[in-house]
Amino acid sequence: MGRDLVKTAETIISVRGLAKRFGTKQIWTDLNLDVMRGEILAVVGGSGQGKSVLLRVITGLVQPDAGSIQIFGKDVNTLTAEETIDMESRWGVSFQDGALFSSLTVLQNIQVPMREHLDLPQAIMDELAFLKIAMVGLRPEAAHNYPSELSGGMRKRAGLARALSLDPEIVFLDEPTAGLDPIGASDFDNLIRKLQQTLGLTVYMVTHDLDSIFTVCDRVAVLADQTVVRTGPPEELRKKPDHPWIRDYFCGERARAATA
Amino acid sequence: MLKRDQGVVLPTSVKVPGFRVELEGTVFRLEATGSWTVHQATKLDSALKRLQVPIPPTPDFTGEMDVSNIAELDTAGAWLLQSTAERWRDTGLVTRFSGATKGFAILIEEVERRSQAEKPQTAGEGGVSRLFADLARTMAGVWQDARQMTGFLGAVTDTFGRIIKHPSRFRMLSFIHHVDHAGLRAVAIISLICLLIGAVVMQQAAVQLQAFGAEIFSVNMLGILALREVGVLLTAIMVAGRSASAFTAEIGSMKMREEIDAMRTLGIDPMETLVAPRILALIVALPLLTFIGDIMCLIGGGLMAIAYLGLDIATYVDVLHSVVDFRHFMAGMVKAPFAALIIGLVGCLEGLKVEGSADSLGFHVTSAVVKAIFLVIVFDAIFAMFLSAIGI
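Line by line, the protein sequences are chains A and B.
Residue 64 in the working numbering sits at position 64 of the first sequence, with consecutive numbering throughout.
Residue 1146 in the working numbering sits at position 146 of the second sequence, with consecutive numbering throughout.
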């Protein structure tokens, strides 16, 4: 429903000819990837294929050796410092373990981007932060807890709430369901789907979780052989696995269980 | 942020947010326009607050939030509309939304559902009661600290007892590492400080005593002071600053990353592996450092005596020899292992008290240094009174 509504062919992130080398290890040569507005894209690949590095390169945390990245139609390498900050407030990143600031409560963590980028009265910030807390499915009592007092799943949700603080257009998720029990993981999948529909988000997630791929993702990009070897809907990749890694991944024991 | 029409790039004029309220028949209509996003929330909020809530003259009047001219909407905008609608409803006006696209409707409904959750308040206290509460907490904290410290001393003693029974369980490598770090590497800085303070004490004493023609007695003063108090105190304070903080930071960061819990589950006793070698290393290193500190104090004083009083080395050593007794040296030296025990206990205990956050680590490192220095000085004062009472 809402998903179809916002899904258009507009390319929101476009990566061209990316190359990166760490020491003697070449991570990618000539990597190309497009992310469409309003879709949920999963990036999968074996260990050491640079899934997390790609997320970091796109969000500007790591510099690539070669290649260009366009987000919202602008080349991120040619931006001024001001434009970069403006662009950063249009996306949110949720790290694996939440990466919450340990000296702040959940409520304060969510308000950090608002304080930094906007000039809002405290009352509104409180209201909005409580709203985000409710939207990611945390109990309101968690608002005044410190990150060390939360469970792993709650930290992930709080990290997501902080990423959503400014109603970004793109959300990057690094292994959102890793370390969660199956029920928690499936709750999180539904949450991502629900938020994507409600807020019209574009979701870029790095994941290993076959269940999340088959339940929420619109498209999958497979990293292998130092590039993106295939992109497409998960069902399509499962039916036509024309790459050995994709065959192992989508047609193995676990994939059969996930799609059964 | 949701746009009404995804494909269109909006001109700036359409983005300016605004609203107006009009009465049409029996319908109060709020017509919102432009871009209702978090960036505009402050302006919109104060304007909406100024807006008078319409009071329905008869029950058949209704309210309507017309969003059909909103170009962009996000959570903040939806919340502003929603809370305005809520205020209208409070006066008995049945208020509904109109003109929402599918996306807008989902967002508005979600915000409406979520904003009804109870918000827990942090318990607020008044200024005075908070002051008293703080005082009470601090006093309770002092008592708590004393209890924990005593308990920890017991645990450490117990550990040493076990190590004596099974000497093979003593971590020799770790012990040597800490003697190196807390002892050997502190030699330079402690020597320098003691040399300087020795010289300063000598110079000050000489200036005061010169008025009575008794400047030679400044050597007595320096000799006694350096051996009984200054050498050991300076060394202990320096070690408290260097090593208590290091112990807390090392053990604390292991605690933060659950390494200590991991050790326990592997059947390794952290008291044996982490605490005992550190405390024992300090007990060995601090007396040695104190000896060096004493000597450097005397050398500093001597240099000053030669430069300022014009004594020659032989006279200085002679006077020193006639004044200073072995008991004076011992009165200082006997305090060193006890100071070491205090510093080691405080440093390790604070480390074990660290909890999950980076804040907590910083807090405990600071408190380790402050407590270690404070306790060393208190205990030095007690020793000074005790030793003079028994005539040493």
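You may find that some hints are simply not true.
[What the hints assert, rightly or not] The list that follows gives simulated cross-link-like pairs (lysine to any residue, SDA-like), each with its CA atoms no further than 20 Å apart:
| hint | chain 1 | residue 1 | chain 2 | residue 2 |
| --- | --- | --- | --- | --- |
| 1 | B | Lys-1043 | A | Glu-127 |
| 2 | A | Lys-194 | A | Thr-215 |
| 3 | B | Lys-1043 | A | Leu-120 |
No wet-lab data here; the hints were simulated from the structure.
Could you check the structure against the hints above and give me the numbers of any it violates, in ascending order? none
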